[in-house]
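Peer 1: Fit chain B to the given chain A structure using the hints.
Top line first, the protein sequences correspond to chains A and B.
Heads up: the first sequence begins at 67 in our numbering, then just goes up one per residue.
Heads up: the second sequence begins at 1024 in our numbering, then just goes up one per residue.
By construction, these hints were calculated from the structure, which means they are not laboratory data.
Note that beta-carbon positions come from the ideal geometry of N, C-alpha and C, so glycine has one too.
All the pointers check out, no bait thrown in.
Computed cross-link-like contacts, DSSO-like style, restricted to lysine-lysine with a CA-CA straight-line distance of at most 30 Å:
1. A:469 <-> A:514
2. A:307 <-> A:116
3. A:537 <-> B:1343
4. A:562 <-> A:537
5. A:116 <-> A:374
6. A:156 <-> B:1343
7. A:307 <-> A:374
8. B:1292 <-> A:525
9. B:1292 <-> A:514
10. A:547 <-> A:582
11. A:565 <-> A:343
12. A:582 <-> A:471
Covered stretches of chain B, going by a simulated chain A footprint (3 or more residues, C-beta under 8 Å):
13. 1164-1176
14. 1282-1289
15. 1292-1299
16. 1320-1330
17. 1333-1346
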Amino acid sequence: MRQFSQLLDGLVYTRSRNGKLDLIADYMRTAPDPDRGWTLAALTGNLDLKAVKASAIGDMIRERVDPVLFEMSRDYVGDLAETVALLWPKSEDQPAEIDDGSLTVGAIVERLSSVSRAGAPAALAAMMDHLDASGRFALLKLATGGLRVGISARLAKTGLAQAFGLDVDEVEEVWHALTPPYAALFDWAEGRGDRPDPAGTPFFRPFMLAHPLEDGTVDLADYAAEWKWDGIRVQIVGTGKDTRLYSRAGDDITGSFPEIADAFSGHAVLDGELLVKGEVQGAEAHGGSAASFNALQQRLGRKTVSAKMLGDYPAFVRLYDILLDGEEDLRALGWAERRAQLEAFMTSLDPARFDISSIIDAPDFEALGDIRAGARDAAIEGVMLKRRDSPYVAGRRTGLWYKWKRDPLTADCVMMYAQRGHGKRSSFYSDYTFGCWNAEGELLPVGKAYSGFTDEELKWLDRFVRTNTVKTFGPVREVEKTLVLEVAFDSIHQSKRHKSGLAMRFPRISRIRRDKPAAEADVIETLERMIS
Amino acid sequence: MPPTPHWIEPHPSGIYVRPADAWIDPSFPRERALVTHGHADHARGGHGHVWATRETLAIMALRYGTAEGTAVGLGETIRLGGVDIRYIPAGHVLGSAQILLEHAGERVIVTGDYKRRPDPTCAPFEVTPCDIFVTEATFGLPVFRHPDTGSEMDRLLGALHANPDRCVLVGAYALGKAQRIICELRARGHHDPIYIHGALERMCALYADFGIEMGDLRPATGIDAKEMRGAIVISPPSALNDRWSRRLPDPITAMASGWMRVRQRARQKNVELPLIISDHADWDELTSTILEVAPSETWVTHGRDDALVHWCAMRQMRAKALALVGREDEEDEDEG
Chain A
67 MRQFSQLLDG LVYTRSRNGK LDLIADYMRT APDPDRGWTL AALTGNLDLK
117 AVKASAIGDM IRERVDPVLF EMSRDYVGDL AETVALLWPK SEDQPAEIDD
167 GSLTVGAIVE RLSSVSRAGA PAALAAMMDH LDASGRFALL KLATGGLRVG
217 ISARLAKTGL AQAFGLDVDE VEEVWHALTP PYAALFDWAE GRGDRPDPAG
267 TPFFRPFMLA HPLEDGTVDL ADYAAEWKWD GIRVQIVGTG KDTRLYSRAG
317 DDITGSFPEI ADAFSGHAVL DGELLVKGEV QGAEAHGGSA ASFNALQQRL
367 GRKTVSAKML GDYPAFVRLY DILLDGEEDL RALGWAERRA QLEAFMTSLD
417 PARFDISSII DAPDFEALGD IRAGARDAAI EGVMLKRRDS PYVAGRRTGL
467 WYKWKRDPLT ADCVMMYAQR GHGKRSSFYS DYTFGCWNAE GELLPVGKAY
517 SGFTDEELKW LDRFVRTNTV KTFGPVREVE KTLVLEVAFD SIHQSKRHKS
567 GLAMRFPRIS RIRRDKPAAE ADVIETLERM IS
Chain B
1024 MPPTPHWIEP HPSGIYVRPA DAWIDPSFPR ERALVTHGHA DHARGGHGHV
1074 WATRETLAIM ALRYGTAEGT AVGLGETIRL GGVDIRYIPA GHVLGSAQIL
1124 LEHAGERVIV TGDYKRRPDP TCAPFEVTPC DIFVTEATFG LPVFRHPDTG
1174 SEMDRLLGAL HANPDRCVLV GAYALGKAQR IICELRARGH HDPIYIHGAL
1224 ERMCALYADF GIEMGDLRPA TGIDAKEMRG AIVISPPSAL NDRWSRRLPD
1274 PITAMASGWM RVRQRARQKN VELPLIISDH ADWDELTSTI LEVAPSETWV
1324 THGRDDALVH WCAMRQMRAK ALALVGREDE EDEDEG
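Chain A with its partners taken away, still in its complex shape (with noise of 0.2 Å):
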């Protein structure tokens, strides 16, 4: 547990992807089977312990700490698995800070997989006493999934190729016909075993990214133009046996949009945009109608989904590129010749829930900036730019592809609330919740921004924040109403999110307006106007 729970530390402090990846590569090389199978899998994200919920941790502290010093303790450090680890109290009997090594990570992984929900709180705290305070982190981190150490599932599969000197792409294609602890992918990588067969098995493909287009111009003789659509990127992986489909960073989501994988029968590798079907916007102008990207959110994040779900926002998936049709690997073709694949297995699709992301046909770059001010749908971000000889390759490739976002929309708000941050901002008040007047002159909020600001710009809000509190609510702080934030937004819509009957999409601070006075912040019916 002392070597995973130094890992842990490690990649907390280390400031350099290199240096993070070294810590990984090296942990990876020297830790012992079947821990370092565990450790990997939870640093990707693909160790699930059921039995532990955060609430076991909560109950588990409260029998042993007074329940007001912990409050206190937590609304200090901000991290419920860290407050715990820090105040954990031993028993008398035991030294203070010591990992005594009787644990491993995979003891842990076993005991934790088949404890019972109402068992897990005295599980968890028969091995906290044989801890010390980062083993008792890495213990909770495990345990509850989601170590959140500033590392993605893509760093530490870097991490493990680098250890083996393999290429991470080729650990991203055996990936999903591995199971933890991976004692196939380590038996390949240390040359005692055959390459893990993924033949037959939907795996993920890593997802071609695009750059911004910052101030650049490109020729549209060489680049096809098509809308960037703000739904979630999808990756629809059909074996002909089993339909799959996986999120940007290669999440399974099939079980929260089941009529898209019904759908879909056919023995091929898609990549496109998850959209939820909308009643008006843009059908003829865009190319088929999409809601915003609120109405998707109802569908995010559910393990199961109700009928009236599937009734209410109907999900369907616009079509961008083709990888793979059949077991023929179309990746190293260039985009117009796997375009043209696409168009023609589109016509085995149910039109229902498959449609094909339509190229806008623009005589030259100017006359698309044009259409691209003018483009109005909700659930269109901005403009895609392919290059037309482009091959399908993971990851961001410099001018291969570019996204071209459309200009935020902004308003000056007030800032009513603030809140600490969590992670690296645990002691900053960053977190502000602001708002716009009404017709009767009252100030309702209308978002919540957490980014947009400068390192320097949070020293001042927290600031702000500190001198200018005129109550406390548990964590969050009013402040005087003095304020004027210029927010920037992506787009606007209706919610019954906030009191204002507003929810902005992309919220974040723009700029802080010291000169403007409150009073002279927008109204709530400019916002509606903004509404698309």
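Peer 2: The following block gives chain B in isolation, referenced to the frame of chain A:
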């Protein structure tokens, strides 16, 4: 509780001892000030007359120029306006003292800042019974439990030896922490030159004048970066991520502070090697000290006072928070 008005009065700007007409650690210039130790949030400039230890007076003279002062030895008792005042070691930094006040049959101790761990640069904290115990609570939350100093020093030396081409830059408060780290390193047989930031030079020289032996200290400025490879460099915390540190050979950023116990605080400072070494009592020491001193009443001057007051209340012990202003701000991590 004695009838009011009590002869000891807590004010936001300090503690006023009425019969002596003197303030303890006042945050504004006062005619008569009793000062516990030399840190800026306790020892301010501009007082008319100061009573403090010889070391504290020297530190104040270094920081604020000369001040009228009377040196009081540790263990020595003076009498001001019918109050017997004794300075007792607090174990915090060189010259730090608790102040014991006796008047009208009542004993009051003001701890200033204190710790219970051994420190080669100052005399250890002495437990003294009293009626009113006025304590700090910088680390007054049960999440703050400082590990053994030795294990933290081992981690520092381990990182140093594992990276012979880099240096380890340790952020440490200029008064107390820096000198303590140097002495702890020397005690572990590390006799290589230690490079120090310019802001530490005069304070280190002052410590040396008081007989604290720190070995070969060299300025980190004006020398070739290569010379500092494989060496320890010590700077004030504010210089860690400052342009100043760019002159160093690929530094591993360390910081010695009790705040390093909370990993997000370390991350905020971009610290790669957090060392939990503090000059303040941790939670267990704050609470066990109250039990040992066994006062009839505890006053908490600054820090996370609410948790400590709550802890006392759970044990049917009288306690109150004084909320003194100008003591370490929540975000000011320099002195930890």
